[in-house]
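Build the full structure now, drawing on both the sequences and the hints.
2 protein chains.
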Amino acid sequence: MGNEESGMNYRDNTYPFRQDSTFLYYFGLDVAGLAAVIDPESGAEILFGNELTMDQIIWTGPLPSLREMAAAAGITTVEPFDALPGWLKKAGALHTVHYLPPYRELNQMRLAEWFGIPVAQVPDKVSVPLIEAVVRQRAIKEAIEATAIEEAVSISVDMHHAAMKHVKPGMKEHELAAKVLEVAHAAGGRLSYNVICTIEGQVLHNHYYGNTIRNGDLVLLDAGAEQVMHYAGDLTRTFPAGGKFTNQQREVYDVVLNSLERAAGQLHPGKRFIDIHALACEALLQGLKEIGLFMGDPAEGVQEGAHTLFFQCGLGHMMGLDVHDMEDLGEQYVGYSPQLAKRKDFGWKYLRLGRELEAGYVLTVEPGIYIIPELIDRWKAENKLAGMINYPLLEKYRHFTGIRIENNYLITATGSRLFGKPLATTAAEVEAMVQTRY
Amino acid sequence: MGNEESGMNYRDNTYPFRQDSTFLYYFGLDVAGLAAVIDPESGAEILFGNELTMDQIIWTGPLPSLREMAAAAGITTVEPFDALPGWLKKAGALHTVHYLPPYRELNQMRLAEWFGIPVAQVPDKVSVPLIEAVVRQRAIKEAIEATAIEEAVSISVDMHHAAMKHVKPGMKEHELAAKVLEVAHAAGGRLSYNVICTIEGQVLHNHYYGNTIRNGDLVLLDAGAEQVMHYAGDLTRTFPAGGKFTNQQREVYDVVLNSLERAAGQLHPGKRFIDIHALACEALLQGLKEIGLFMGDPAEGVQEGAHTLFFQCGLGHMMGLDVHDMEDLGEQYVGYSPQLAKRKDFGWKYLRLGRELEAGYVLTVEPGIYIIPELIDRWKAENKLAGMINYPLLEKYRHFTGIRIENNYLITATGSRLFGKPLATTAAEVEAMVQTRY
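So the sequence lines, in the order shown, correspond to chains P and B.
Using full-length UniProt numbering, the first residue of the first sequence is number 1, and each one after it goes up by one.
Using full-length UniProt numbering, the first residue of the second sequence is number 1, and each one after it goes up by one.
Treat each hint with caution, since some may be false.
For identical chains, the list gives no copy identity; a pair is met inside one copy or between any two copies.
Okay, derived cross-link-like pairs now, SDA-like style, lysine to any residue, Cα gap no bigger than 20 angstroms in a straight line [what the hints assert, rightly or not]:
{"#": "1", "residue 1": "342", "residue 2": "46"}
{"#": "2", "residue 1": "349", "residue 2": "338"}
{"#": "3", "residue 1": "179", "residue 2": "209"}
{"#": "4", "residue 1": "380", "residue 2": "59"}
These are computed hints drawn from the structure, not numbers from a lab.
A quick note: this is a predicted structure, and the numbers were derived from the prediction, not measured.
Shown next as structure tokens:
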């Protein structure tokens, strides 16, 4: 199933069109109103969609015909969209037709109608063999894909440098986010996800841009471009609005950066990402121990979940045509394996990738330290891990906010390769970039 | 029904949230996951939605509770979202419950489930009395709404001036569109619709930004901001990329501008907009006659539809919380009346607003001239209106592209008021602005 246009506040005022990523991967056709069938027995590929009418061409201008677009994608058979239900019926209905999980309601409604099943049952009847086959192909990036992702990452680098140079105390967050947006679009792409651009980096799901940025604030920018083929970049930097970290900020920054570097050093085919996550968490606790916020043995702290007070989420995820690659297909299939199920405890349950790495995987590494007052209060009230957490000292960090540093890597035969042109990363590099005002 | 988050390439990678406009109008609550009931008999207003859990607050940071938000909107009763179907059942089901047309599939699926009807029947059972009542209220803008719209229009003016100053031959369309986007977001808003930013202004539905802008090209920019309360602006200007119109471009520009000015001069309560549209079309033909492209009597030309070769769409539409205000409720109810049905012939059928104007209406006036080669070829092949159209001369305009000029007006007790801060409008003003490069 391809995607359709998606109405915003009425049907014809649409969000920017986004094709389904698996449809893009197999068919490359970036227009609405399509679906396609691959018949592995006969080898046939059929594209279902409607040609523009003469009346439509008045409004759209001359465009290549669907048949021409299909041919360019190597598909010779094109049928009208309305022929699809009949084709499915002829194919013998559900037991021989495999479909992927629909995440848009229109496709869910259509599948229900075509297969004559209740809408609510559509997700239950998705094809696990098809999901697994698609994941196997999409997880390993070909050279042309790696090049596309690197392009997206390099645009993302430009977005971050533009923000660092543009930030000025007194500015609103949305003024900074707007600059980031401009760079992505000026490069011919768009955002691969809604920008996080905030002085409250500890708020992990933050799409509010109304705060005024003040001298002394840390700005957390999590922003990535989607390039023209729709491959994604996904980078985070945290920088001091005034151009200089405080000592407290700098100490924590270096803890996060050390964790990133230790994790990145472990990227290698055959390594389980869940183990790299654990190592990154251990590195965070080791650093926090040196600051005095953590007491005890870091490895034991990770066992006990002490790190989840500071680092509640996962170390990284797959990247590709989706910024969380193939998340619609199910995290168990994408990030885990029959031998490795996702853990369900706090912290670990947000780790989207755990499985053994293979050459060709593309992923993020993104450790962070987030001081969430509500979480501290909850743990304190439960006296949780009181022997490991220095709660009195932590009070001095209550309004610290959050720091995350995120890079994107390709797993190679011999280790990994950092994607994108150079981006300010060390505290000194970041400070220098912020001080390079426009 | 409020709106939910809308997944882009998977469920959790959402488009920027956009609340339903009617929900915003009555309840002002700009968050997902809500629906509300107004019971005109008892006077009760009930908001259905779920409070954040403690787990969610870890990710979102502390937010006002739903109860607090509801109270700020004057609603005292808040129920969990899941209580809504039961409430509807108790209320006596469909014959006493009125709902508006759903334009998002999820809401359509929910209404089907709650009322126990097939999804396909949901649109048939919308409440016309409720639609009419909502249109009556929303069509007449209160002072606070007019202020909000004027703010959106003034941001839109900044977007246009930024584009005029930013354009440089050699630039890609998306580089210019990116600047427009930045200005909208830097002002704390966003776009009220996808920007049209093109050197092919004759392509009316144009969201392609891949052309290189060259000296001599006309750039048509149709772009408006949505301000923070979600009221829309909607402006169009057409400007010469090189800073100077050619004589041919300037002649046609002045024809369009004259049509705009004549139409704007007619805006007055009691005037039918369909008649103003006809007058604007007549002005276009009068101007084209002076150039030599039209032959004959302009009023007769409009009768015969000769103007639709050059101006295929409508003169304007209502504006408010939606850029095409209330388009989801149905154009017949919004733009027409029981006494005035929408015409179905080419050109006229795209006129969204025909009815008698009332003080408090906000609308666009947007005449244009679009030279569409495919349409000319079709008319020529049919020898259509050959006595009125100077086809040989028109060949010299085949690659002229298109010009539109669009302003936004409030209908007042005594006439109309142009919205927004001053925007370059005459050919000389536009040229001067483009020549004021950054």
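Verification of the supplied hints:
1. 342 - 46: The answer is neither: 37 angstroms in one copy and 40 angstroms across copies each exceed 20 angstroms.
2. 349 - 338: within (17 angstroms within a copy, 58 angstroms between copies)
3. 179 - 209: both (13 angstroms within a copy, 19 angstroms between copies)
4. 380 - 59: between (63 angstroms within a copy, 18 angstroms between copies)
Against the hints set out earlier in the document, a violation occurs for number 1 only.
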